[in-house]
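A.B. asks: Please build the complete structure, drawing on both the sequences and the hints.
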Amino acid sequence: MPLPDGESLPGEIFEESAVLTVSDLSRMFAVDERHIVELVEEGVLSVIEVHTTEWRFSGAALRRVRIALRLERDLGINLPGVALALELLEELAQLRRERKVERS
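Its first residue numbered 174, the sequence shown is counted upward by one per residue in our numbering.
Derived CB-CB ranges, DEER-like:
no., residue 1, residue 2, range
1, Ala191, Leu248, 23 to 29 Å
2, Met201, Asp247, 15 to 21 Å
3, Arg200, Ile240, 14 to 20 Å
4, Gly249, Arg229, 29 to 35 Å
5, Glu206, Arg276, 43 to 49 Å
Derived from the structure by calculation, the hints contain no laboratory data.
Ideal Cβ positions, reconstructed from N, Cα and C, are used throughout, including at glycine.
C.D. replies: Here's what the structure looks like:
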């Protein structure tokens with residue numbers, strides 16, 4: 174639904190090159206920092222660097238956290254299941270990209 178009188182919604186665009194911390198992700202998704210740590214421990218998220226004992230994540234982590242939390246909350250999938258589901262979703266996307274290239 175368009176906004177009246179050309180109004181726009183405030184927001185930020187994150188690039189994949191953005192660098193985020195555990196507290197950034199925790200705040201953005203309104204989850205406890207411990208839950209972000211659990212996502213890392215389960216292999217859902219990958220740390221791109223450790224900066225003075227603080228983990229750093231790429232902007233791509235935003236998408237993974239969003240999907241992971243939806244799988245947990247909406248479908249009731251546990252963390253090992255979330256990790257597997259994300260892996261399968263990424264594999265499916267890769268196969269679709271390859272198939273698209275073959276058709277071109």
